[in-house]
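**Student:** Sequence:
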Amino acid sequence: MDRFLVRKRAADATGGSALNGTKVFEEPAKKLCSTTLDDPQTVISWNVNGLVVQLRNNWSLIKTFLESEQPDVLCLQEVRLPAAGPKGCKRADGQKRRRGEAKCDSAQEKADWDVVQKTLISTFAGGYTFHWSLADWKYSGTLMMIRRGLAFSRMEFTRPSLLQHQGHRDVADDTCHPEGRVIFVSFKTFDLLATYSPNNGNDAAAFERRRAWDAAMKQEVATRTRPLIWIGDLNVAADRVDVTHPEWFLQQCYQGEPEDMRGQPGFTKGERVRFQEILSEGKLVDSFRHLHPVEDVPPALGPFFTWRGHPPVHQAVARYHGKGMRIDYALVAQELLPRLSACDILGSGADRNGFLGSDHCPLRLSMAKLEAEKEVLLPDGVAVEPGVFGLRIVGLASPAPGEGPEALALSSFADIRLTASQQLLRSRSSVGLPTVGWKENWRMTSAKIRVPGYHSPMRRAVASVLLIASAAGLKKGESGAEDVLFIGNSYTFYWNLPQSVSAMAESQNISMRARQSTASSANLAEHWKAERQLQTMERLRSQNFSRVVLQDHSLGALEAPKRMMHYGQLFASEIQKRGAKVYLFMCRSMKGIGFHQLRTWARAFNPSMQQTVTAQYRALADQTGARLVPVGLAWQLARERKPGFPLYEADQSHPSPLGTYLTACVFYGVFFGSVLVGSLPHRLTSTDIYGEKIYLNLQSEDDALFCQQVAQVTLQGLQPILPGHSIVVPLDKVTRLCELPEDEMLDLWRATCQTEQELRKQLGSTASNWAVFDGWFAGQPVPHAHVHVVPRKAKDLEKNDQVYVALEQWTPSPRGISETPPAIEWPEDEVRKKRTSDEMAAEAQGYRMAMPGLGSFPEEQAFASHRIPGSHLFYASKSGLSVALVNLKPLVPGHVLVVPRRSVPRMEDLSEEEFDDLFRSVRLVQAALEQVHGAEASRLGIQDGVDAGQSVPHVHVHILPIPSRKGAL
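Quick note, the sequence shown lines up with residues 1 to 969 if you use full-length UniProt numbering.
No wet-lab data here; the hints were simulated from the structure. None of these values were measured; they are calculated from a predicted model. Hints are supplied without guarantee of correctness; some may be wrong.
[Unchecked claim] Distance condition first, Cα-Cα at most 27 Å in a straight line; then the derived DSSO-like pairs of lysine-lysine:
no.	residue 1	residue 2
1	834	889
2	218	118
3	577	562
4	761	795
5	138	110
6	96	110
7	90	110
8	269	581
9	269	188
10	581	562
11	96	138
12	761	581
13	795	642
14	369	642
15	188	761
16	323	581
17	529	577
18	269	323
19	118	87
20	834	799
21	693	761
[Claimed, not checked] Ranges between beta-carbon positions, derived for each pair:
no.	residue 1	residue 2	range
22	321	273	26 to 36 Å
23	678	828	46 to 56 Å
24	166	273	22 to 32 Å
25	87	240	48 to 58 Å
Built from N, CA and C at the ideal position, the CB exists for glycine as well.
Whenever a hint applies, use it, and build me the whole structure from the sequences.
**Tutor:** Okay, here's the thing in structure tokens:
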């Protein structure tokens, strides 16, 4: 190409230069653009280790990378193009150079520049302006490409502080760094400084040169007047966790004096100390480490190091092969942290995957756009009270007699609502528990079981069975390890999803071995037919798996639903034939080209696409009996709750580490029954073949907790403490039982009794616990009265008291999302001493004075085989069917029992008249005791049967008034 054409230059409207046949370069000088200023949101930095070499050898990779990433700003270091200058100019001869223009004097220089022109410039000049800062010779040098239309107010090629140091000042032109190491740009709200910092070297002159650079940059950042982002190859590993082998690196290279210069350049003590001083003085934050904190050296093969040693290409041994350093940074001013979205290292592994031919990989910084504050409209079902998370849970109204399950009407539980698309398990439970399918710990299947159930005459109560059995320490663990096979594509293998689920399980002492058969973009048909060298069927038939996860191509549910259904059914049949459980990895649908299932939610979510995807997966689940893993709905909820939550990689398709963490939480909850909010680690680890710890996924505690909460809510929040655990709620939203009219109160208890009986028929349970947390201070998690029914069997829990602990911890929303009721400090059993008869009689006498309309008291009351003296009774119903008595060892002041006069062991043994009278009596006694003790809440408990912890085989209701002051017990 004609040299004159490639060297002519003129500024375009944005202060950059363009290739239009004549314009390519800009002289390094201060520039002022005339268009509206803006800020870049995505900045990528990459040390290319010789631009021409990489363009010759790896142009296809580089082109694909840039077209995929489309950064607003691209900063390249070590481009190694000599700057143009006077004819015959030589290195360091003091002559002025045109550092924005490449030298093309020799045939080799022309050939090199021709490569740049025909690849990088000809392809991207239409979308970017090019800004060069070059050295005297084929060394160092930087390039900044800025997206066209992204305006800036100033561009410089050195910094004032550097001019004070001879080695960093161009004596012929003080507007440039002599080695082209600096490009400085002012955007709308922050400055961007891109540098290629000098290597520390191995001799005194190099040490002093780097020391001078650090001193200048420290002064530069300390005196800044605007928010700053400093990005580039800074040639220093800040800490021990920023190199793969700390002790080894300390033993390399220079080992003389001074001591703080010993070790690998970039990892000497002196450099690291000065780097920390720069961060402190400049109030700058290492964005990658801020977002990806670690305590120990992360795994050497992971995406944690930006520089990697050469593999043994031309020799048998390469000393640095398999070793790496993190020496490329994006430093962000502290005041910009609220806008920091992500910082990612885009390469990994000893073989330099993603390095594009260089020894450095790209580093991507993502910043949120600065927008004016605006009112956020919450989606349906998200509560507006401070600290309350939006939940999607519901009780369903009973169908009228004779109506089918499709006649269900939506109801509410407190302010919690569930739309049809959010009924993850398609529960048909209601007053009569119509059409519920149970299989494998209460998971919905296509086999429907008709439950006659209880049809409330008034239709004022709702019974909802909780379909997912919890594994939160209540069920006895099964022996042996879980062997799980994940069948899918890149959305499965990105960021170690199978291993992350396994790590979560291991953290809870659940042994799980995760295996995978995956290939990028693979669909189930390719897995079934063993195409693309996939060996899925061979693995499935040769190994024994307890669970198998199926994931179709990300567009399968939308573009090839018949194919997905056909091969999904084939796989499910094969898997179930081998005794394993089938799970469907349900992705998410967003607006984007072709409504790609994993596209960004950025501007306009299209609900119909999610409904289509969900319906397709549910149809497959219904036909196969597979369990859905509703990852897509969890992502939807996360994005609704936290717009901009960084779940995606830069391609806006694949999950980021945070996205994979959320996905793993959902899988854990589905596999093991509960997400265990607050108990799963935020740093997921495993061990390599040598037993060394490796990090799979590292998240902040806050982000990890949010993901756990979202996963728990997605999985219905209403998590059972034991199989069959149900709640019965009044259709009218009332906070306390006393707010219900008497007929509706009795209807609630009748529905509770019938619910217990129907669950017993289905489960073969032998007893049940009933419990009411009546009021906030009693531990009521939501302001809607409800009764717990927990079916029990002999020895289902190691200690019976576990059921009460679990009920206290139960909430429709994971604790930490909604405001938590104050904890009650129960007295230890050894503190509860038996009282004397006189003490009990005195208490009973006091209560009698507070009880209105008492009936006649018997001289003694039978309590199974025990005889209770009449002096210990304080209430007798006018019908003579019920009495109330004080407790021998009360848990709290006012802890009493209400019992039927007739001695029967179970609730079902009572007549209708006795049953109604018992709960009318409970209502009256509770109100009186709350008044006496100044309580605003009460606990009600019933142990219906020996296996529920009933110590005396005589029906009795515990009433425990709870005062409104913490610790008042």
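**Student:** Compare the structure with each hint and give your call.
**Tutor:** Hints versus structure:
Taking the CA atoms of residue 834 and residue 889, the gap is near 5 Å; set against the 27 Å cutoff, the hint holds. A hinted pair counts as satisfied when its Cα atoms are at most 27 Å apart, and residue 218 with residue 118 does not qualify at roughly 40 Å. For the hint pairing residue 577 with residue 562, the CA-to-CA distance comes to about 23 Å; that is within 27 Å, so the pair holds. Our distance criterion of 27 Å between C-alpha atoms is met by residue 761 and residue 795, whose separation comes to about 19 Å.
Distance check on the hinted pair: residue 138 and residue 110 sit about 13 Å apart at the alpha-carbon level, within 27 Å; holds. Restraint check for residue 96 and residue 110: the C-alpha separation of about 21 Å stays at or below 27 Å, so the hint holds. For the hint linking residue 90 to residue 110, the alpha-carbon distance of about 17 Å falls within 27 Å, and the restraint holds. The suggested pairing of residue 269 with residue 581 is violated, with an alpha-carbon distance near 55 Å, which exceeds 27 Å.
As the CA atoms of residue 269 and residue 188 are separated by approximately 37 Å, the hinted pair breaks the 27 Å bound. Distance restraint check for residue 581 and residue 562: the Cα-Cα separation of roughly 23 Å lies within the 27 Å cut-off, and the hinted pair is therefore satisfied. The suggested pairing of residue 96 with residue 138 holds, with an alpha-carbon distance near 16 Å, which does not exceed 27 Å. Pair hint residue 761 plus residue 581 holds up; C-alpha atoms about 25 Å apart against a cutoff of 27 Å.
At roughly 44 Å between alpha-carbon atoms, residue 795 and residue 642 are farther apart than 27 Å, so this suggested pair is violated. A C-alpha spacing of about 15 Å is found between residue 369 and residue 642, which places the hinted pair at or below 27 Å, so the restraint holds. Taken as a hint, the residue 188 and residue 761 pair is broken in the structure, with Cα atoms around 70 Å apart against an allowance of 27 Å. Distance restraint check for residue 323 and residue 581: the Cα-Cα separation of roughly 42 Å exceeds the 27 Å cut-off, and the hinted pair is therefore not satisfied.
Our distance criterion of 27 Å between C-alpha atoms is met by residue 529 and residue 577, whose separation comes to about 19 Å. Straight-line distance between C-alpha atoms of residue 269 and residue 323 comes to about 19 Å, which keeps the hinted pair within the 27 Å bound. Our distance criterion of 27 Å between C-alpha atoms is met by residue 118 and residue 87, whose separation comes to about 25 Å. The suggested pairing of residue 834 with residue 799 holds, with an alpha-carbon distance near 22 Å, which does not exceed 27 Å.
Of the supplied pair hints, the one linking residue 693 and residue 761 is violated, its CA atoms being roughly 50 Å apart against a limit of 27 Å. The supplied range of 26 to 36 Å is met by residue 321 and residue 273, whose beta-carbon atoms lie about 29 Å from each other. Roughly 25 Å separates the CB atoms of residue 678 and residue 828, a value that falls outside the hinted 46 to 56 Å. Take residue 166 and residue 273: their Cβ atoms lie about 24 Å apart, and the range 22 to 32 Å holds.
For the pair residue 87 and residue 240, the supplied restraint of 48 to 58 Å holds, since their beta-carbon distance comes to about 51 Å.
In summary, the numbered hints that this structure violates are 2, 8, 9, 13, 15, 16, 21 and 23.
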